[in-house]
Structures are given as structure tokens and as C-alpha cells.
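Heads up: the sequence lines are chains Z and F, in that order.
When we follow the numbering used here, the leftmost residue of the first sequence carries the number 1, and every step to the right adds one.
When we follow the numbering used here, the leftmost residue of the second sequence carries the number 1001, and every step to the right adds one.
By construction, these hints were calculated from the structure, which means they are not laboratory data.
Watch out, some of these pointers could steer you wrong.
To be verified - Listed next, with one range per pair, are the computed distances between beta-carbon atoms: (1) F/Y1032 / Z/A268: 55 to 61 Å; (2) F/T1112 / Z/R52: 53 to 59 Å; (3) Z/T272 / F/T1271: 34 to 40 Å; (4) Z/T3 / F/R1293: 18 to 24 Å.
As the list claims (entries may be wrong) - Subject to a maximum C-alpha distance of 16 Å in a straight line, what follows is the list of computed EDC-like cross-link-like pairs (lysine to aspartate or glutamate): (5) F/K1327 / Z/E33; (6) Z/K327 / F/E1265; (7) F/K1023 / F/E1164.
Using N, Cα and C, we set each Cβ at its ideal position, and we do this for glycine too.
Protein chains: 2
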Amino acid sequence: MTTVAVLGAGSWGTTLADLLARKGLAVRIWAYEPEVVEASNRRHENPLLLPRAALAPSLRAHQDAGEAVSGAGVILSAAPSHAARAVLAAVADDVAAGTLLLSATKGLECDTLLFMSQVAAQVLPKARFAALSGPSFAREVFERQPTAIVAASTDAGAAREAQELLACGYFRVYSNPDVLGTEIGGALKNVIAIAAGVLEGLGMGHNPLAALVTRGLAEIARLGTALGADARTFSGLAGLGDLILTTTGALSRNRALGVALARGETLADYTTRHRSIAEGVNTARAAGRLAARAGVELPISAKVAELLFEAKSPRQAIAELMERTLKPEQWT
Amino acid sequence: MTTVAVLGAGSWGTTLADLLARKGLAVRIWAYEPEVVEASNRRHENPLLLPRAALAPSLRAHQDAGEAVSGAGVILSAAPSHAARAVLAAVADDVAAGTLLLSATKGLECDTLLFMSQVAAQVLPKARFAALSGPSFAREVFERQPTAIVAASTDAGAAREAQELLACGYFRVYSNPDVLGTEIGGALKNVIAIAAGVLEGLGMGHNPLAALVTRGLAEIARLGTALGADARTFSGLAGLGDLILTTTGALSRNRALGVALARGETLADYTTRHRSIAEGVNTARAAGRLAARAGVELPISAKVAELLFEAKSPRQAIAELMERTLKPEQWT
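This is chain Z alone, in the form it adopts within the complex:
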């Protein structure tokens, strides 16, 4: 029987660990917080991140990451993007060559501008890598609502293994060879989510949101293809699918920040009121640097950066976007 080690007991890591355990696999989950380890093992729950959810009794939580991965044939990393390098480095000595490494982390490492596949290639170069992405609120997967994601890998065999490992009646997994496009989609959507929050905060309707999502995806694809990704990935689950979820689903931290900006708060005000910073803030900065490197224009992301870092007025930003030179729909 395959043993799977899940690194990170956030809501998504816990949900995937639970799904795998219920499929009959031996699953060990590493949690950073001792109280999460204890609650998982004693009461089969994760009150911190997936409240009121009864976890599979066979799921075993570990406080020691090395212990969790030791001898595991599959590692599923669900650490936050800023912590992924440290988490993988901590277990590197315990990971055998050829181990299947599934990354469920969205977002990039902001200082280096590296995506998770690139971080993994540096830290665990002998693992076989696949990125998991797509429109998947953890709570809904836990409720067994029909969900579809992609497993992206340049190694077709690794993608296939990920599909077979994870798929079940309510969880459909498509393979995709375009790892970079999959990772870009998962990261850049957070910038567009801030813009969606701005429209929401201004009380705007469906036409503006549909235009934002479509033109937002067009610029993500423009950046992605310039960096070497396949344009079709952005029409898929990790692009469009996740963007729809983020801009129309439950209010995320990124959208909430956009709503606050529309109501006249500054980024500094908002950051003071909340303990943590929305992921889209750092991604907006990273997007600007990636766009400069690739030599492409990202009109919406650039306006989001102006809202965040130059306190531009939201109505002014929208007017400037609407009054740009008339263009063909496909431009580069």
C-alpha cells in the first residue's frame, strides 16, 4: 500500500489527507501546531482550520516532518508559498530519489520570483514533481461536492499517478503537461481578486465583473505565454476555473482588501486592522517584476499596484482602463 505524507495541516492539506485516507491509503500528516497534531490523533478533527469536520480515523498526524515523510512513496506539500522552501529543505534528507512530490501550494516565492516547481527543483531535485491546482474550496471538497482539478507535470507518468491517487467519485483530476502555466494561473488570480473586490465595494454589477475576469485572464495569459507557458492552460481549471472561484465565490482575503480600498481605506489602514497581509499584495508586486522581465504590459495588475502602493482612486483607475486606445481582443 502506498504511504502518503502530507506536509502542512491547513484546510487544504487536511482535506486532501482525509480524502486519501478514505480511499484506503496510509496517510501521515505533518502539522506545525502541536494542538493540531493532538486534535487530529485524539479526536480526529482539525478545529483550527477545518472546524466541525470529522476526519478519517486512519489519518495519523506527526509533529516531526522527517518522521512523516520517512519511507513515504508520495509527498504532498501543502505548505504556504513563503514556507514551502524551508519545509521541503527540512525533509530533504529523508526523501528517496524518485519519490512523487505533489505540490498543492499556490503562489510564488516573492523574493526569488520562483514558482513551487522551481523551488522543488532546487531543494528536492531527485523527486518527480506534479503541481495540483484548480477551483477547489477545501470545505466543499470535504463535503464531497463535485470538484475538478489539474495535476500538472512535465513527467506524464507522474501526472498519471497523481490522477489515479487522488481521483474519486466527487473529485475529478485532469492531467496537464504545462507546469509553469498552472502555477502562474494559481498565483496571478489573487491580483485580479483584489480588483474584483474593488468593483464589489463600488457596488458595480455583472457586466464590469465579467469584463474584469475576461481581460484579467487575458493579461495573465499574455504574461504566461511570454514566460513560456501554454496559452490553453489559462482557459483551463488552473486559469479560468480558479479565477472564477476566486472572483465569484466566498469573500477571500484578497477580495475583502479590494472592497476596503473601494471604500477609501488605504493598504496601510487595512494592514493595521488585520493581522496578516493578503497574498495578492505581494503577488501584485511580483507580477510587475515578472512583466518587466518578460517585456509585456499588464494593464489591470498595474492599476491594482497603483491602488495599493500609490493610493490611486479606484474610480480613476477604472476610467483609465476604460479609456485606453481601442484594441483588438488579442494583442501582445
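Chain Z is already provided as a structure; the job is to place chain F on it using the hints.
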């Protein structure tokens, strides 16, 4: 000054006529109903289709379509798809060669499986044609909410004229050379809208809807490219943009039908309760015929047809979609 004749005083035709009149163009609108002609000219309103909206005073309504188009440099057709051929044929003798014909009609002619550009080529072969499409609830355009659409034409000059004619501070128009793709997107979305209503009626969440929209768009693109359209069009305003609007915006007739099916009503029950049939019903039939002609598979549209015409249970249809063979995200 350019004179524009708008054919059809539904909410969309009226809104575009009003927008053009407010831009200073001479606009004549032809309305089928005498009471609409009278209300437009006397009280500057269209109480039937755009209630509580004050229309531009310069807008002139006509009861006679030939009179409306006579001498007009631009004709904007906003007739319903089943009536477009008859409306264009009725004015054919009054239309000069080289007239710009803008079609704001979405959907196809069900008996012939022809899209509006193909109908226009038969009826007004000497006009220069452009299709208007994209995510645009008429009411929101009337309220001057930021909206983006495409003007699609194989004639770049015609597309450019359409852009300049229509664009204003709240209405952004992109050009696109792919007429067929633009028309396919506008028609096929109604089938996916029925499926979205089914998910809604079953009380499903955001993951299933995002998966439906993404995989729905994938199959529209699969059909479209097999018929000769450009795949990129489906990631644009007439594809993805309009699909998002239809599946997440105000409850349309198509989504309402899906909700009813999910609650156990049959198509016959629903049709008895409502005077008119949802456009997606005929389009589901047409999609099946187009798919057979193109030799492609449309898994979701096929299930919608089974729900509509074979009374398949919605939960069974979803289970069958989720349990298909595991596939790559891009398949043909």
C-alpha cells in the same frame, strides 16, 4: 452625420440605440409593437422592455422598417435569432451596397443551423458585416456601468468602424476577426446556463460551478475549433466573458429551467407553466447536430440534452460526468 437604423426594440436594441443617440448620432429604431413606437416617440421610454429608463430625446422610433433603414449608413440588427432572417429580408431592398450591418443577435437559426453572419450573407450579401457580442446585460449598460464587448468581422475596416461608432467612456469595444467563434460562444453558452441552473437547484457550491463553466467552455471551444473558429475567441469576451455573466449573473430563463429540472420538473411541465421556451432548449438540440457534423464529443451538452429530452435524473447525469475515464485537460 452617420444615420444608424436599429432593427428591434428589445431591451438590448433599445439600449444600444440610446447609447448611439447620446453620442450624437442620428438614430432611428424600428419596433414591432405600435405601443413601443408611440411610447418611444411621445414619452421617450420603452415601458415594455426597459422600464423606468428615460431614453435619449433625439431617438426616433418607426413602425415601418423600410423607412427606418432608408438612407442609413449603419444598420444594427437586434432581432431575436428566429426572426432575424425575416426582418433583414423585409428591408433588403432599402439597404445600399456597402452598408455596415452590425448584428447584436445571439443564437443560431435552429432549422438551418446557420449563425447570424451566415443568414446575413444570404439575405444582405452586399452589406459589410460585424457581430457584436460579449457580457452585457442591457440594464447595466443603460446605467453606464463599465462594459466590454467585441465587434467581430472578417473585414478589419468594418470592425474598426463598429469600435469607433459604439465606444464611449463606459463601453469598451474590442475587435476580433473571428466571426464564427464569436457567434458560437454567444449561442452555446445557453446550454451551459441550463446546467448551471441544475447545480443551483441541487444546492451545490462554488467548486462544481467553476468546474462546469471551465469544462463547458472547453467543450464549446472543442466544437468551435472543429468548425473552423479560433480557439482564443473562447477565452475572450464572447466566450468566457458571456458564459460567466450567464452562469453567475441574474437568473436567466435558461438557468431558471435548470433549477426547475433539478427540482424534479420535466421540460413539458416547465413549458406548460411558462409561455415561452428557453433558448437553450433549442440550442441543446442544435449543439448535438453540430457536434455530430463536426465529429466531436460534448459531454456536458449531451447530458443537458438527456435531462431535457430523456428525463434523465440530474444527480445521475453529474455522477456520469464525474466518473468518465481520467483524461488530459486538452483532448479532442
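Evaluation of the provided hints:
1. F/Y1032 / Z/A268: 55 to 61 Å: holds (58 Å)
2. F/T1112 / Z/R52: 53 to 59 Å: At roughly 56 Å between Cβ atoms, Z/R52 and F/T1112 fall inside 53 to 59 Å, so the hint holds.
3. Z/T272 / F/T1271: 34 to 40 Å: Since the Cβ atoms of Z/T272 and F/T1271 sit about 57 Å apart, the hinted range of 34 to 40 Å is violated.
4. Z/T3 / F/R1293: 18 to 24 Å: With Cβ atoms ~51 Å apart, the hint is violated.
5. F/K1327 / Z/E33: Violated, because 38 Å separates the two Cα atoms, which is more than 16 Å.
6. Z/K327 / F/E1265: violated (46 Å)
7. F/K1023 / F/E1164: holds (11 Å)
Consistency with the previously given hints fails for numbers 3, 4, 5, 6, ordered from lowest to highest.
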